[in-house]
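Novice: One point on numbering: in numbering that gives the first Met the number 0, the residue at position 33 of the sequence shown is 32, and numbering is uninterrupted.
Just so you know, these hints were derived from the structure itself, not from any lab. Hints may contain errors.
Said to hold, decoys possible - If you anchor each label on the Cβ, the simulated ranges turn out as follows:
#1 M119 with G49: 39 to 47 Å
#2 D20 with R85: 37 to 45 Å
#3 E13 with A125: 22 to 30 Å
#4 G96 with R130: 25 to 33 Å
#5 T36 with Y116: 24 to 32 Å
#6 S4 with R126: 36 to 44 Å
#7 E54 with S29: 18 to 26 Å
#8 E6 with R117: 35 to 43 Å
#9 E66 with H104: 42 to 50 Å
#10 D132 with R94: 14 to 22 Å
#11 S64 with A129: 44 to 52 Å
Just so we're clear, the structure is a prediction, and the values are computed from it rather than from any experiment. Even glycine gets a Cβ: it sits at the ideal position worked out from N, Cα and C.
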Amino acid sequence: MSSPSQEVVAQLREVLRARHDVELALLFGSFARGQETERSDLDVAVHAPGVDLLELGARLVDATSREVDLIPLEDADIPLREELVRDAFVLHERRPGAATRWRFHAMLELETDGPWYRRMRDAFLARLAARPDAR
Numbered sequence: 000m001s002s003p004s005q006e007v008v009a010q011l012r013e014v015l016r017a018r019h020d021v022e023l024a025l026l027f028g029s030f031a032r033g034q035e036t037e038r039s040d041l042d043v044a045v046h047a048p049g050v051d052l053l054e055l056g057a058r059l060v061d062a063t064s065r066e067v068d069l070i071p072l073e074d075a076d077i078p079l080r081e082e083l084v085r086d087a088f089v090l091h092e093r094r095p096g097a098a099t100r101w102r103f104h105a106m107l108e109l110e111t112d113g114p115w116y117r118r119m120r121d122a123f124l125a126r127l128a129a130r131p132d133a134r
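Modelling step: build the complete structure from the supplied sequences, incorporating the hints.
Specialist: Structure representation (structure tokens):
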């Protein structure tokens, strides 16, 4: 017997395989880390140019009976890209190698933009902490 997470992944893959407009789909969050609970939602990042994400999300919800947070990969900020590179696994790739190409570009962007992002974040947090009304 398969685990609930394996069943959910199979349900997601069935929907995504039937579509020819989804280039890449990555599962991340608690399901990708193996920390899901009975009430966990599904976090899915997709590269699907021109796709109605509300419609795709509704199909994934119907297939899994779980809430689905669908994120366009193009909108992933630096912290999310770090999580995707670290934890995500491939649900679907229309062309072999799509996930590897995405991961390569994401890692390159993290290497070049990550230090800048961390400096800006740390400077902002330091300014907040230095405010007289910060407690």
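Novice: Given a hint of 14 to 22 Å, does the C-beta separation of D132 and R94 actually sit inside it?
Specialist: Distance hint for D132, R94 is violated at roughly 53 Å.
Novice: Between E54 and S29, does the beta-carbon spacing fit 18 to 26 Å?
Specialist: holds (25 Å)
Novice: Between the beta carbons of E13 and A125, is the distance compatible with 22 to 30 Å?
Specialist: violated (49 Å)
Novice: Cβ-Cβ distance between G96 and R130: within 25 to 33 Å?
Specialist: violated (49 Å)
Novice: In this structure, is the beta-carbon distance linking S4 and R126 contained in 36 to 44 Å?
Specialist: Because 42 Å falls inside the window, the suggested range holds.
Novice: May I ask you to test the hint 42 to 50 Å on the CB atoms belonging to E66 and H104?
Specialist: Check failed, 29 Å falls outside 42 to 50 Å.
Novice: State, for the Cβ atoms of M119 and G49, whether the hinted interval 39 to 47 Å holds or is violated.
Specialist: violated (33 Å)
Novice: That 24 to 32 Å hint for T36 and Y116 (C-beta), does it hold up?
Specialist: holds (31 Å)
Novice: Can you let me know if the beta-carbon spacing of D20 and R85 is within 37 to 45 Å?
Specialist: Violated, at about 28 Å.
Novice: Could you tell me whether the CB distance from E6 to R117 stays inside 35 to 43 Å?
Specialist: holds (39 Å)
Novice: Honestly, do S64 and A129 meet the 44 to 52 Å range at C-beta?
Specialist: 48 Å Cβ-Cβ, so the 44 to 52 Å window holds.
Hint check: violations occur at hints 1, 2, 3, 4, 9, 10; the rest are consistent with the structure.
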